[in-house]
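S.K.: Chains A and B, in that order, give the protein sequences. The C-terminal position of the first sequence is numbered 314 in this note's numbering, with every residue numbered one higher than the one before it. The C-terminal position of the second sequence is numbered 1100 in this note's numbering, with every residue numbered one higher than the one before it.
Mixed in with the good hints, there may be bad ones.
Calculated pairs, DSSO-like style, for lysine-lysine (alpha carbon to alpha carbon, straight line, at most 30 Å) [as the list claims (entries may be wrong)]:
(1) K45(A) / K244(A)
(2) K301(A) / K1056(B)
(3) K235(A) / K1085(B)
(4) K57(A) / K1085(B)
(5) K1056(B) / K45(A)
(6) K1056(B) / K166(A)
(7) K1085(B) / K22(A)
(8) K1056(B) / K262(A)
(9) K1085(B) / K45(A)
(10) K267(A) / K1080(B)
(11) K27(A) / K1056(B)
(12) K280(A) / K1056(B)
(13) K1080(B) / K166(A)
(14) K1056(B) / K171(A)
(15) K185(A) / K1080(B)
(16) K1056(B) / K147(A)
(17) K292(A) / K269(A)
Looking from chain B toward chain A, a few residues come up when the C-beta cut is under 7 Å (computed) [claimed, not checked]:
(18) M1001
(19) T1002
(20) V1005
(21) S1009
(22) I1041
(23) M1045
No wet-lab data here; the hints were simulated from the structure. Every residue, glycine too, gets a C-beta built ideally from N, C-alpha and C.
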Amino acid sequence: MDFKDYYQLLGVSPDSDSKEIKTAYRKLARKYHPDMNPDAGAEDKFKEVAEAYDVLKDAGRRAEYDELRQYGGRSDAGFEPPPNWQSNSDFSDADSTRFEGDFSDFFNSMFRGGGSETNQQSRGSRGQDAEIEMPIFLEETASETSKLVEYQIPVYENGQVNEVKKSLKVKIPSGIVDGERVRLKGQGGYGQGDGPHGDLYLHIRLVPHPLFDVEGHNLVITVPLAPWEAALGAKVTVPTLTGKINLTIAPNSQAGQRLRVKGKGMKTKTGSGDMFALLKVVVPSSANDEVKALWQSLSEKAEFDPRAQWSSEQ
Amino acid sequence: MTEIVLWVSVQELCQCGGFTEQIIVEAVDHGIAHPADGGNIADWMFDTTSAHWLRKAVRLHHDLEIDWIAISMVVDLLRKNEALKRQSLCLEQQLNRFVN
């Protein structure tokens, strides 16, 4: 087991007072807290810093730690606690949001009764909640769908961490939206002793669709139009999530215009969202001489200046 | 087939480290989450998204030792940040379809 130099982790000297320790912790906690810093490694760094603070903020624990530090903290060889070591200021889980696996072996051995069955399991603490991302295809939201969920849960036993593979079949209700969370009771981390298991949360993420974009319960489909379709109007067959519809494009339609198709969006708990057709005018990338001549003739006859607004504003 | 649940009760939250009824009331008073039913505290139920933000708030309150007013501001900004990120991704995707 490695000795943890908590003073070094907080960047303070061993004779720092409690105010200096608190200031150093707060600065590092703001920097590395996983809810504020999504970088890989930030969470582990935060756990180290929080563990150091849990020990040094409490006068009793700090005195015990200083004793341990004098005893063997400076040895290069692995740390061994004094014979019959037992902390008088055992760390309580009740006011902590962290779990046994969030602490180092050193902390668990010195301040949590060694993670042994006598101390930990008799308390019967609840297992940790877990959250995983669940990719769902847009088409799957149209009706209730069953998905296979495979994940790993860390299990802490006698100071050892083992990963347990789990697989579940889950019914995902229709009308689920991106970012929603669903809860699977008792499928998270294992409880200690008689404690219940934690829960598993599935964080729903919609897989990007090749045709549709999602805005809440509404869908957006970009509809490419030829310039003459936009100018003269047209009837266009447009795909929906469950089939096809015929869409009427009015004469003189503009690029960027959105046409609402009621009830053709995603399922909601009470009905359906809408679909919006976003018009986009596409010009052919090449033209033969005859077509070029027609464009030329159009440009002469249309008397259209798309930048007329610029000259009126100058 | 494992059944999904879309609600979390106060009792269930209180089984998680750091949660007490008093802390949940404090978080609700500061607008961090809203129970689905405003009756007795013991009967409060939270949807899973509210429970997610409650957990985050309690973690921040405990780990950063900051007061509830600051926590409610942080959670509000985190929520807005998440929503804006999602909106930005969606608009970026729409723009790509439009220009390509």
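S.K.: For each hint, tell me whether it holds in the structure or not.
M.R.: Right, here's what the structure says about each hint:
1. K45(A) / K244(A): Cα-Cα ~53 Å, so violated.
2. K301(A) / K1056(B): With a Cα-Cα distance of about 65 Å, the restraint between K301(A) and K1056(B) is violated, given a limit of 30 Å.
3. K235(A) / K1085(B): violated, 36 Å
4. K57(A) / K1085(B): Since the Cα atoms of K57(A) and K1085(B) sit roughly 37 Å apart, the hinted pair is violated (cutoff 30 Å).
5. K1056(B) / K45(A): holds, 18 Å
6. K1056(B) / K166(A): holds, 26 Å
7. K1085(B) / K22(A): Answer violated: K1085(B) to K22(A) is near 33 Å, above 30 Å.
8. K1056(B) / K262(A): violated, 38 Å
9. K1085(B) / K45(A): holds, 26 Å
10. K267(A) / K1080(B): holds, 25 Å
11. K27(A) / K1056(B): holds, 19 Å
12. K280(A) / K1056(B): Not OK: K280(A) and K1056(B) at ~42 Å, beyond 30 Å, violated.
13. K1080(B) / K166(A): violated, 34 Å
14. K1056(B) / K171(A): Answer holds: K1056(B) to K171(A) is near 27 Å, not above 30 Å.
15. K185(A) / K1080(B): holds, 28 Å
16. K1056(B) / K147(A): holds, 27 Å
17. K292(A) / K269(A): Violated - the C-alpha atoms of K269(A) and K292(A) are around 53 Å apart, more than 30 Å.
18. M1001: holds, 5 Å
19. T1002: holds, 5 Å
20. V1005: Status holds, d = 5 Å.
21. S1009: violated, 11 Å
22. I1041: Constraint on I1041(B) not satisfied, violated at 19 Å.
23. M1045: violated, 12 Å
Violated hints, in rising order: 1, 2, 3, 4, 7, 8, 12, 13, 17, 21, 22 and 23; the structure is consistent with all others.
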